[in-house]
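**Q** Chain by chain, the residues:
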Amino acid sequence: DSGVTQTPKHLITATGQRVTLRCSPRSGDLSVYWYQQSLDQGLQFLIQYYNGEERAKGNILERFSAQQFPDLHSELNLSSLELGDSALYFCASSVATGPYNEQFFGPGTRLTVL
Amino acid sequence: DQQVKQNSPSLSVQEGRISILNCDYTNSMFDYFLWYKKYPAEGPTFLISISSIKDKNEDGRFTVFLNKSAKHLSLHIVPSQPGDSAVYFCAASNSGNTGKLIFGQGTTLQVKP
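Taken in order, these protein sequences are the chains called B and W.
Going by my numbering, the first sequence opens with residue 1, and the numbers climb by one from there.
Going by my numbering, the second sequence opens with residue 1001, and the numbers climb by one from there.
Think of the hints as simulated: they come from the structure by calculation, not from any bench.
Here the structure is a predicted model, which means the values were calculated and not measured.
Check the hints yourself; a few may be wrong.
Here are some chain B residues pointing at chain W (derived, C-beta under 10 Å) [to be verified]:
1) 2
2) 40
3) 47
4) 48
5) 55
6) 63
7) 64
8) 99
9) 113
Listed below are the simulated DMTMM-like cross-link pairs for lysine to aspartate or glutamate, each with C-alpha atoms no more than 25 Å apart in a straight line [what the hints assert, rightly or not]:
10) 1005/W <-> 102/B
11) 1037/W <-> 102/B
12) 57/B <-> 1024/W
13) 1071/W <-> 1031/W
14) 1054/W <-> 102/B
15) 1071/W <-> 1059/W
16) 1071/W <-> 102/B
17) 1005/W <-> 40/B
18) 1037/W <-> 1/B
19) 1112/W <-> 75/B
20) 1068/W <-> 62/B
21) 1071/W <-> 71/B
Taking CB as the label site, the calculated pair distances span [claimed, not checked]:
22) 17/B <-> 1108/W: 15 to 21 Å
23) 1011/W <-> 96/B: 33 to 39 Å
24) 1068/W <-> 17/B: 42 to 48 Å
25) 1007/W <-> 63/B: 30 to 36 Å
26) 17/B <-> 1056/W: 24 to 30 Å
27) 1016/W <-> 60/B: 33 to 39 Å
28) 114/B <-> 1108/W: 34 to 40 Å
29) 1067/W <-> 114/B: 42 to 48 Å
30) 63/B <-> 1026/W: 25 to 31 Å
31) 102/B <-> 1083/W: 17 to 23 Å
Every residue gets a Cβ at the ideal spot worked out from N, C-alpha and C, and that includes glycine.
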């Protein structure tokens, strides 16, 4: 158990809908990262927050947005869903920013768009 | 543009033998490399890392080798154990950035008893 929790574990929805994925980082971790893993692909970096502020952005679609709240949990919002958005979404947390700080991953949320 | 590539989707090895997983990268700005291991229904877990100032890093049965001129790294597992069966991801980063990791596609390792 990494200490990072993600809810829900599974989500099935239809095209055009909007969903929210939630991540609670490990106690004491200030940095949260979101990654997307599509079928047979590696993890693609989406976005990073540190202590409530956006720190880095990857190839995140405009239909996707995220935020980190004062209690440090984070939410990833996906809207106008398309079939291609079906993927595993992982959240990771670390104590601080920078690659030398180990990232601890949650178990992921599996999103299926029908 | 796949900046980190793991060209072998799968590898099968006998228990007790060496497992060698390979990874290539294209971005010369990468100076920090990591390997993650992932079991089904779990998130990736950190295994071992190496900075570009080194060419080898060892941690128990796991050794990572870095060849900067070839932009290639490899993970050696000796001896391999059935519990090592998992998906292994190579990842790269730049020490000057905020920590985002660029992952390869992963290699599924099966260690047969």
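**Q** May I ask you to test the interface hint for residue 48/B with respect to chain W, counting a Cβ-Cβ separation under 10 Å as satisfied?
**A** holds (6 Å)
**Q** Taking only the CA atoms, is the gap from residue 1071/W to residue 1031/W under or equal to 25 Å?
**A** Holds, at roughly 10 Å.
**Q** Checking one constraint from the list: CA of residue 1071/W to CA of residue 71/B, max 25 Å. Satisfied?
**A** Distance of about 41 Å is beyond 25 Å: violated.
**Q** Would you settle whether the hint for residue 2/B is holds or violated, based on the nearest Cβ-Cβ distance to chain W being less than 10 Å?
**A** holds (6 Å)
**Q** Does the nearest C-beta of chain W fall within a distance shorter than 10 Å of the C-beta of residue 40/B?
**A** Because about 7 Å separates residue 40/B from the closest Cβ in chain W, which is inside the 10 Å limit, the hint holds.
**Q** Can you let me know if the beta-carbon spacing of residue 1016/W and residue 60/B is within 33 to 39 Å?
**A** At roughly 44 Å between Cβ atoms, residue 60/B and residue 1016/W fall outside 33 to 39 Å, so the hint is violated.
**Q** Do the alpha carbons of residue 1005/W and residue 40/B lie within 25 Å of each other, as the hint requires?
**A** Measuring from Cα to Cα gives roughly 13 Å; hence the hint holds.
**Q** Can the restraint linking residue 1112/W and residue 75/B be considered satisfied, given a maximum Cα separation of 25 Å?
**A** The hint is violated at about 40 Å.
**Q** Just tell me: holds or violated, for the beta carbon distance of residue 1067/W and residue 114/B against 42 to 48 Å?
**A** holds (45 Å)
**Q** Taking 25 to 31 Å as the stated bounds, is the beta-carbon spacing between residue 63/B and residue 1026/W within them?
**A** Hint holds: Cβ distance 29 Å, inside 25 to 31 Å.
**Q** Tell me if residue 55/B is really an interface residue toward chain W, meaning its C-beta lies closer than 10 Å to one of theirs.
**A** Holds: closest Cβ of chain W sits about 5 Å from residue 55/B, inside 10 Å.
**Q** Starting from residue 1054/W, check that the Cα of residue 102/B is at most 25 Å away, please.
**A** Cα-Cα ~19 Å, so holds.
The earlier numbered hints that this structure contradicts are 6, 7, 9, 19, 20, 21, 22, 26, 27, 28.
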